[in-house]
Amino acid sequence: MRKSYSLDAEALPQDGLAVAERAWKSLSISGRVGLVLVIFWLFIAVFGAFLSPYSPSAFVADDVFLPMSATHWLGSDYLGRDTLSRVLSGTRYTVGLAFFGALLASATGTFLALYAAVSQGVLDEVISRLMDTLISIPSKIFALVLVAVFGASLPLLLLTAAIIYLPGSYRIARALAVNLNSMDYVEVARVRGERKLYIVFHEILPNMLNPMMADFGLRFVFVVLLLSGMSFLGLGVQPPAADLGSLVRENMSGLQDIAPAILAPAIAIATLTIGVNLLIDALPQSGNGKGGH
Amino acid sequence: MAVTVNVSHLKVAARGEGGMPIPIIRDVSFSIKKGEVLALIGESGSGKSTIALSLMGYTRPGLEVVGGRIQVGDQDVLALKSDELRALRGKTVAYVAQSAAASFNPVVRIMDQVIETAVTTQMCTRAVAEAKAIGLFKSLALPNPETLGHRYPHEVSGGQLQRLMAAMALMADPALVIFDEPTTALDVTTQIEVLRAFKAAVKERGVTAVYVSHDLAVVAQIADQIVVLQHGEVREAGQRDQILHEPDADYTQSLMQAAQPEKRVRPSPAKALGTMAPILQIKGMKAGYGKARDGSLQKTVLDNIDLTIEPGRALGIIGESGSGKSTLARVIAGMLPPAAGQVCFHGEVLPPSLRARSRDQLRRIQIVFQNADTAINPAQTVGEVLARPLQFYYGLKGQALTKRVNELLDLIRMPSSSADRLCRKMSGGQKQRVNLARALAAKPDLILCDEVTSALDSVVAAAILDLMAELRHELNLTYVFISHDISAVRAVCDDIMVLYAGTQVEAGQSQAFKSAPYHPYTDLLISSVPQLRRGWLEEARPGSSGAQAQPEDGLCRFLPRCSLKIPGLCDTMPAPRHALSDGRNILCHLDEPSLRAAQLETV
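Chains as they are written, first to last, in my numbering: chain A, 152 to 444; chain B, 2 to 604.
Okay, chain A solo, but in the shape it has when bound:
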């Protein structure tokens, strides 16, 4: 039996700062690096527009592919626009689309999985086979087809990302939920006469939140890479707006000059995805919070 010697944690002051400090201390070094990177990019995504020195679509520089300077911190792009301003606004597209796309995929997947796991039988079978069908379609091709048919628009990109990453999320959530569904406390709730929805939201879901959060982080990274890839092919966010992937693409010709215009968005994508990955790896993986020891 596990001796709970972490009991004395209860006695510590419970104000927000102390909680944050303890969470920080419990993270490994790589986890801390990840956390800093994630907070940095979230901050840029939310407040970037206010910090932007120029309008992202204004032609403000004297020349194209300028190096870093005091007036243009990250130089200028292939049309003479300010790279820093473009990256700041591109981050909002990339992070925003990826966040909501992954959220949609995870939330829908988790809910379907919970419903399937609790219902069992035919319903479980039908939902699971539907998801298997979705998994069997190559994701990049599927995205390309959708964009080719309906044209690239923000809602469509969001939906595409959500549909592509839904089955993976469903699979993980269902595996967790099936295990939790056989726990004695779920059995107790069932013997009490509880309805399915109560069991789903009160007994099962709280115990799988941690792993699902980790899964959400992973999906977020996948969506960032998918959207960046799509944009790089010119099928993602359409000009004059640009996400980080489009920024890399449109400044391709600056590659020979090693212009900051192409380096900056590429580094942005790299640090964002690595940051999220590092943070997820450092999180306790166990669903019931016992993994801390």
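Rather than coming from a laboratory, the hints here were simulated on the basis of the structure.
Keep in mind it's a predicted model, so treat the numbers as computed, not measured.
Every residue gets a Cβ at the ideal spot worked out from N, C-alpha and C, and that includes glycine.
Some hints here could point you the wrong way.
To be verified - Keeping only pairs whose Cα atoms sit at most 25 Å apart, straight-line, the calculated DSS-like set for lysine-lysine is:
1) B/K566 x B/K515
2) B/K426 x B/K404
3) A/K347 x B/K404
4) B/K133 x B/K82
5) B/K426 x A/K176
6) B/K444 x A/K347
7) B/K204 x B/K139
8) B/K200 x B/K133
9) B/K82 x B/K139
Claimed, not checked - If you want the ones that stay clear, here's a sample from chain B, every Cβ over 12 Å from chain A, calculated:
10) G335
11) D374
12) R578
Claimed, not checked - A few chain A positions that, by computed beta-carbon distances, are all more than 12 Å from chain B:
13) I180
14) G182
15) P204
16) F251
17) V337
18) P357
19) G380
20) P390
21) L414
Knowing the structure of chain A, use the given hints to seat chain B on it.
Just chain B, lined up with the frame of chain A:
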């Protein structure tokens, strides 16, 4: 080669939050002479396993040795480097873990696993190692020692696997063997065989051993010296007989008391039998799992069960694992519809499945599961757990709800401040109390307790049993108490039913279970419970245990293990159910005088 083990001022600490070390073992010292068996005894969390593992120079992740010396023979274990430690482990010090089933690789043949260390360290050739392993199988009294090694771990029983693990440990002729609760997970009838085999093997080879256990009665059989631990400190240490007969420390005395539930005050027996309408009545019930094409059961777990409980009484159901005890509770609770027979509750027939039962019918029967760790949602607070049945069955809200939750906490002797605490931060005993309180919250007529004390330490379990007995009088509850522990059942129950392989072999009032004659199986169960005196292990009757070929349908299920069977009768005719003079009924061919004669002569 036997060695002296010397542990002095051992200190082990866990890395706490914020880097503060939390002491786990505080200054423990003991020494073991050559060929002696030392027992480390204590509750879970007392640090007994941590000490045992540190003898191999190992600490669990998150723990570290912060002081002291461990001397095994002429080696200072704590000063060894990792490659020297590897040489020490397995060769000089060997380890037998609690769960052999989890320690064997299921896809490798037993022989390959037993001789693996010897062969990979090139101590001897394969042929020599195999011959030695077979010798060990023989001395551990394993069946078919020549061919046993060709089997896979899932093909042998739990008790055999535990002995195979000891064989694996003894392969390298270690100087010190550590047994870490090796019989805790076994049935009493199996435990007795495993203990015998261990004791013989240890004596024969003259190895020094450390035996970790929470069970004083088991330790009394095997140890020369006993060290009693609590909270990482030595409470008492000394020779076995001194600890058993003149325990000094209060803590040791409370351990002794908890080990003998029958010596505690029995609840006064409830009203006389037959005066009230039964609360629960089951007749000719059959249940199992899996439906074959023709509608019959693929696996019958319970067959032809009759039981009657009157209000205010406690019925104990005992049997080994796999006897169908828990399935019976599941059928009563409606979780498993029976294949035949009905469950009558307060005179009316209950619908077989959960869905068909009304909310009030569900409320009146509450089930308490064995393992509070899994029976209580770790993500909820104690208050939330207790409040839910109140909201669900009674629609309580606000002040009334808080008041009732506090009343319930008071009933289970916990402070009202604990309502805000998360269940996963509670200790095992506290969780089990909450588990019980959740059932009480529904104000049920009948509580089904499924092995509620078997996952707990003896002292905590005794407290839970006392609490249940008190509550029964305060609230006039009716219990069905399922257990494998016949002494616990005799201590708290008015009526007892013994299940063997899904059949009801004996039933009657608890008082009648105090003396022979018994059904041969009940007799085996009772005589297998370790007693707190030395020499018990040698005197106890050998009983065959474990899974064996099932007899044909209709015949006595206990036949292959029965020591009193009558050839020509028991193996041809189904056993009749007949009454004994004290009101019990048993399912056996033997009549009362012959059972008494057979059982009294050996006691």
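field: Distance rule for A/G182, whose beta carbon must clear each one in chain B by more than 12 Å
entry: Fine: 15 Å to the nearest Cβ keeps A/G182 off the interface.
- request: Just double-check A/P357 for me: nearest Cβ-Cβ distance to chain B has to come out over 12 Å.
  value: At about 4 Å from chain B, A/P357 fails to clear the 12 Å cut-off, so the statement is violated.
message: So if I understand the rule, the pair passes when the alpha-carbon distance is 25 Å or less; does B/K426 with B/K404 pass?
response: holds, 23 Å
- prompt: Any Cβ of chain B at or closer than 12 Å to A/I180, or is the non-interface label fine?
  reply: holds, 15 Å
query: If you draw a straight line from the CA of B/K566 to the CA of B/K515, is it 25 Å or shorter?
result: Since the Cα atoms of B/K566 and B/K515 sit roughly 23 Å apart, the hinted pair holds (cutoff 25 Å).
- prompt: Taking C-beta pairs only, is B/D374 more than 12 Å away from all of chain A?
  reply: violated, 8 Å
field: Non-interface label on A/P390, tested against every C-beta of chain B at 12 Å
entry: holds, 48 Å
field: Minimum Cβ distance from A/G380 to chain B greater than 12 Å, as the annotation requires
entry: A/G380 clear of chain B: closest Cβ-Cβ about 38 Å, beyond 12 Å.
- prompt: Taking 12 Å as the cut and beta carbons as the points, is A/F251 off the interface with chain B?
  reply: holds, 27 Å
query: Does B/K404 lie within 25 Å of A/K347 when you go C-alpha to C-alpha?
result: Cα-Cα ~29 Å, so violated.
Agreement of B/K133 and B/K82 with the hint, judged by alpha carbon distance not exceeding 25 Å: violated, 30 Å
- prompt: Hey, does B/G335 actually stay past 12 Å from chain A on C-beta?
  reply: Violated, because the least Cβ-Cβ distance between B/G335 and chain A comes to about 7 Å, which does not exceed 12 Å.
Hint compliance for this structure: hints 3, 4, 9, 10, 11, 17, 18 are not met, and every other hint is.
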